[in-house]
Amino acid sequence: MGLIYLALYKGKGTLFNRLIRLWTRSKYSHCEIVMPDGRWLSASAMDGGVRLKMIELNLEHWDLIPLPWASPNIIWHLYGKHDGKGYDWAGIFFSQLLASGLHSRRRMFCSEFCAAALGFANPQRYSPAQLGEVVNRINRLPFVQLGHSLKEG
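In terms of this note's numbering, the sequence shown opens at residue -12 and continues consecutively.
It should be emphasised that the hints constitute simulated quantities derived from the structure, not laboratory data. All clues given are correct.
When the alpha-carbon atoms are kept at most 20 Å apart in a straight line, the in silico SDA-like pairs for lysine to any residue are as follows:
no.: 1; residue 1: Lys(-3); residue 2: Glu47
no.: 2; residue 1: Lys40; residue 2: Gly25
no.: 3; residue 1: Lys(-3); residue 2: Glu43
no.: 4; residue 1: Lys(-1); residue 2: Asp50
no.: 5; residue 1: Lys40; residue 2: Arg26
no.: 6; residue 1: Lys68; residue 2: Arg26
no.: 7; residue 1: Lys14; residue 2: Gly(-2)
Simulated DEER-style distance windows between Cβ atoms:
no.: 8; residue 1: Asp70; residue 2: Glu120; range: 24 to 30 Å
no.: 9; residue 1: Trp76; residue 2: Glu120; range: 22 to 28 Å
no.: 10; residue 1: Arg26; residue 2: Val121; range: 19 to 25 Å
Glycine included, C-beta positions come from ideal geometry on N, C-alpha and C.
Start from the sequences and build out the full structure, keeping to the hints where you can.
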């Protein structure tokens, strides 16, 4: 079984992508969970909400962070529960722009979906950049590094 990755979008994208990067003061404007079989899971404004998609990886547009500790069962369960549900525009506004934490229980935005798929509490509080920072910190923990090296060995 291959690794699961967090993919962080750094490509030019749309005006919406530029606004997110400007607001979060980050080079990242979107995130996805990449499963070992090559399927990408997220909530996308362009695609109307939670969806599964095959995306051709272009490393000029994406940074990948391995998630050796992520549970495919939790990710697939969350995806199955939310597949086809709409994009959480209100959550972007209230959770990210106003930092109130308010969001829709029926809809999700990208970093909310990815954080929930990774089992994080209050997933609506994460931007793509914040999620990337937290995941990188988790990956640096000694027991995560040891567990990953044991899987490879």
